[in-house]
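Q: The chain contents come next:
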Amino acid sequence: MISDAVGGILLASVTLYAVLGGADFGGGLWDLLAGGDRRGREPRALIEESITPVWEANHVWLVFDLVIFWTAFPHAFAAVMTTAALPLWLALAGIVLRGAGFAFRKEVSGLGAQRVLGAAFAFSSLLAPFFMGTVIGAIATGQVPADASHASLSAWTSATSLLTGLLFVGACGYLAAVYLVGEAARRGDHRLRAYFTRRAQAAGIVAGALSLAVLAELHSSNHALFSRLTGRALPLVILAGLCGLAVLALLTADRPRGVRVLAAAGVAAVIWGWGVAQYPVLLPGTNVTLSNAGAPPATLVAIVVLFVVAVVIVGPSFALLFSLQNRRLLYSDDDSGAALALQPLPSAEPLVQQPRPTEASPAVRIAVFAFVVVDALLRARRRAR
Amino acid sequence: MRFADVVVAAGAPAGAEVVPARGQMATTLGFHIILACLGIAFPTIVLLAEFVGLRRSNVVALTLARRWSQAMGVLVAVGAVTGTVLSFEMGLLWPGLMRQYGAVLGFPFGVEGLFFFLEAIFTAIYLYGWRRLPGWAHFWTGVPIAVSGIFGAMSVIAVNSWMNQPGGFTASGGRITSVDSWQVYFNHAALYEMPHMILAAYMVTGFLVAGVYAAGIWRGRRDRYHYTGFALGFIPAAVLTPFQIFVGDTAARAIASDQPVKFASMEYVAHTGRQVPEWLGGVYINGHIYGGLRIPYVDSLLVGFGPGTKVTGWDSVPVADRPPVVWLIHLCFDAMVGLGFLLLLAGLWALYEWWRHRRLPRQRLFWVLGAVSGLAAIAAMECGWVVTEVGRQPWVVYKLLTTTAAATTNGGVIASLTFVIVLYAVLGAATIGILRILARRWRRGGPEPEVPYGPPPALQEQSVRGIES
Numbered sequence: 001m002i003s004d005a006v007g008g009i010l011l012a013s014v015t016l017y018a019v020l021g022g023a024d025f026g027g028g029l030w031d032l033l034a035g036g037d038r039r040g041r042e043p044r045a046l047i048e049e050s051i052t053p054v055w056e057a058n059h060v061w062l063v064f065d066l067v068i069f070w071t072a073f074p075h076a077f078a079a080v081m082t083t084a085a086l087p088l089w090l091a092l093a094g095i096v097l098r099g100a101g102f103a104f105r106k107e108v109s110g111l112g113a114q115r116v117l118g119a120a121f122a123f124s125s126l127l128a129p130f131f132m133g134t135v136i137g138a139i140a141t142g143q144v145p146a147d148a149s150h151a152s153l154s155a156w157t158s159a160t161s162l163l164t165g166l167l168f169v170g171a172c173g174y175l176a177a178v179y180l181v182g183e184a185a186r187r188g189d190h191r192l193r194a195y196f197t198r199r200a201q202a203a204g205i206v207a208g209a210l211s212l213a214v215l216a217e218l219h220s221s222n223h224a225l226f227s228r229l230t231g232r233a234l235p236l237v238i239l240a241g242l243c244g245l246a247v248l249a250l251l252t253a254d255r256p257r258g259v260r261v262l263a264a265a266g267v268a269a270v271i272w273g274w275g276v277a278q279y280p281v282l283l284p285g286t287n288v289t290l291s292n293a294g295a296p297p298a299t300l301v302a303i304v305v306l307f308v309v310a311v312v313i314v315g316p317s318f319a320l321l322f323s324l325q326n327r328r329l330l331y332s333d334d335d336s337g338a339a340l341a342l343q344p345l346p347s348a349e350p351l352v353q354q355p356r357p358t359e360a361s362p363a364v365r366i367a368v369f370a371f372v373v374v375d376a377l378l379r380a381r382r383r384a385r
Numbered sequence: 001m002r003f004a005d006v007v008v009a010a011g012a013p014a015g016a017e018v019v020p021a022r023g024q025m026a027t028t029l030g031f032h033i034i035l036a037c038l039g040i041a042f043p044t045i046v047l048l049a050e051f052v053g054l055r056r057s058n059v060v061a062l063t064l065a066r067r068w069s070q071a072m073g074v075l076v077a078v079g080a081v082t083g084t085v086l087s088f089e090m091g092l093l094w095p096g097l098m099r100q101y102g103a104v105l106g107f108p109f110g111v112e113g114l115f116f117f118l119e120a121i122f123t124a125i126y127l128y129g130w131r132r133l134p135g136w137a138h139f140w141t142g143v144p145i146a147v148s149g150i151f152g153a154m155s156v157i158a159v160n161s162w163m164n165q166p167g168g169f170t171a172s173g174g175r176i177t178s179v180d181s182w183q184v185y186f187n188h189a190a191l192y193e194m195p196h197m198i199l200a201a202y203m204v205t206g207f208l209v210a211g212v213y214a215a216g217i218w219r220g221r222r223d224r225y226h227y228t229g230f231a232l233g234f235i236p237a238a239v240l241t242p243f244q245i246f247v248g249d250t251a252a253r254a255i256a257s258d259q260p261v262k263f264a265s266m267e268y269v270a271h272t273g274r275q276v277p278e279w280l281g282g283v284y285i286n287g288h289i290y291g292g293l294r295i296p297y298v299d300s301l302l303v304g305f306g307p308g309t310k311v312t313g314w315d316s317v318p319v320a321d322r323p324p325v326v327w328l329i330h331l332c333f334d335a336m337v338g339l340g341f342l343l344l345l346a347g348l349w350a351l352y353e354w355w356r357h358r359r360l361p362r363q364r365l366f367w368v369l370g371a372v373s374g375l376a377a378i379a380a381m382e383c384g385w386v387v388t389e390v391g392r393q394p395w396v397v398y399k400l401l402t403t404t405a406a407a408t409t410n411g412g413v414i415a416s417l418t419f420v421i422v423l424y425a426v427l428g429a430a431t432i433g434i435l436r437i438l439a440r441r442w443r444r445g446g447p448e449p450e451v452p453y454g455p456p457p458a459l460q461e462q463s464v465r466g467i468e469s
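Chains as they are written, first to last, in our numbering: chain L, 1 to 385; chain C, 1 to 469.
Hints were generated in silico from the structure; no laboratory data involved.
Keep in mind it's a predicted model, so treat the numbers as computed, not measured.
Mixed in with the good hints there might be a few duds.
If you only want the chain C side, here are some residues facing chain L, beta carbon under 10 Å, derived [said to hold, decoys possible]: (1) Glu112; (2) Phe122; (3) Ile437; (4) Arg441.
Cβ atoms here follow ideal geometry from the backbone N, Cα and C, with glycine treated the same way.
Using the sequences and the hints, build the whole thing.
A: Encoded structure:
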């Protein structure tokens, strides 16, 4: 069925946005937690350098996702946009402030202005994925009616939706930290590599715990989805878990080769697990499926053609961009290296005391992780009875 | 339904949100379109500067290209996010439109997405490749940006022109049953809307760039740097202006037959008839035109090259199917045409001076004109959008779907409209502020910040060592 193919294309594009664009949001999270301007200088510099050349191209996946969604499934699109209007507006505000804050911060020179714009960039990097997560949560829990005519607050404020929002933030932070480990490793920067390794481990544990928590919550909020996630989609769920554990193991063993691909594969497995579990229903709780959500076959064929063209043309372009970036051929343009040395280092204390990232020992982390997992499983079993 | 839902749902009756929704669409589109123009045409002008720089070993042109790239980085980022706002608004403000015609509109938008990808990817390579990529290789990484800018613009305009001249699909029972994507993309209105907007983008960008340097020259910075910057923007824009006037004239004649009511509003044609006069200016209130200049027969002449040409008036449709605020449409149309001719005049002046004296005009008035040419081009383009969008009302898809039926049924658009106005005011001010910071830094030739919150220690040690040795 062509509508299935288009559904797959939509999910593939969403996956690409998540693993590419999501990491750029995660960079904002680590920028926020990097501490004062002295302590945070080096991690911020690495974050900035890794995000700068790619975030706009990665961001286009979001626009592409929206276009495919409304073209292929216009009825479902209108329903989602109406029901979840408020979180979508908030996510949109996050997207605008993130992009503008990030682009502006590079160009201003005063520390105060940099702080304001940096804060706008970093905080809104949390807003956007969180609210997008709540929208996905609302869809997954069947809170979007097929003939939505008004916004609903309860649709996206259920425990599942809010946890999904947190999961999105956690996953973005996890991806970003893992990518930054690879980035630091390639530069031979051992300090930053260790710095982001710790954060990647912590974020991985948090994201894993949140995934399990969402799964446990789904048990009550959308039991059909839960049973398919633990049935038909179980291989993908297990794959996601294995990828996460492999990343944690490799990071602990300090072998960053391949962690980036594994981390992305883990996140992709979660997304596809959701897709497989929901198939062929587009809006759970309604009878809207991939095949009856709107577009005629000619449009769907056009989307398939477009996607093939995108893969053929955009794919190599992305490969070129990433390879140039990997070979460190892309830099912010300025020609003033010598003049910089004459500028005194900014010495002001941070305006706001940033929360110091706690660095727990591996034992404590594993204990916390185990506790969360056991707790989630226990709660799930309690509900099952 | 919980209490909170009741609060959210307690909006006004259906259709009450259409006015704020239109206001919000107008605000966000009116803001984004300026950045879109820069996104379409600025890369070409930067590439032109780089080409001149590389070909003739012109250091000034190369410096300009490099500095403009920095400004382009800021503008592209703001354009990317404000463009995303519009993508969301298609669904958030106009779910009725998307539900009904999403499957038809999707193809051109998808094509636009493809070109948007290429634009974003090669913009990144171009902007951040200045330091490490060799000269001509770097130049060629910029060419895809210029090309995809044009095709991307064509795709978006395809959607807008389709809304003016819908076709290429069949529907039954309120559902689209088949779509001919080719006919949707190259609809009848696309043939004149596409060139009109792409030329507008080049004029806005060219005159805006020229305006920056004309203002500098006007203030007495009469050096090669400023003259080069002025020429690189002014020449392409001035050369394209007569073509734009020709395309615009063709478009107006096409609208007279395709959308006669829109044309009637543009030209104050209340009653269908022959020997219709042309009105320049004037405010239409309750059947009277105050303060306008009436030129007999000219409207008929312009439409059909003869005074006997019949022009359809807005009395051909019931009151409910006529656009609101006719005077706004007419005055915006006149302003657009007037500004177009003013810009043509600036180009002719420079041409005359070059032909007679082989130099740019020395009169201060010319440089004042040059300095405001960018703003004039923006104003003309915005007026043009008011004409085409307000002139299409009450339809969102001409004669098929009313704007009221397309608008969201959610309450609270007035709140998002307020928020958007505040946010965009800040965003616009910040963008201009950042560009001014860049300009000041370039003038001083001072340092440029490398990383947030200070220079990276590695670079600093390097430079210190460099200075010590």
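Q: Would you mind marking each hint as holding or not holding in the structure?
A: Hint check results:
no.: 1; hint: Glu112; in the structure: holds, 8 Å
no.: 2; hint: Phe122; in the structure: holds, 7 Å
no.: 3; hint: Ile437; in the structure: holds, 6 Å
no.: 4; hint: Arg441; in the structure: holds, 7 Å
Hint check: no violations occur; every hint is consistent with the structure.
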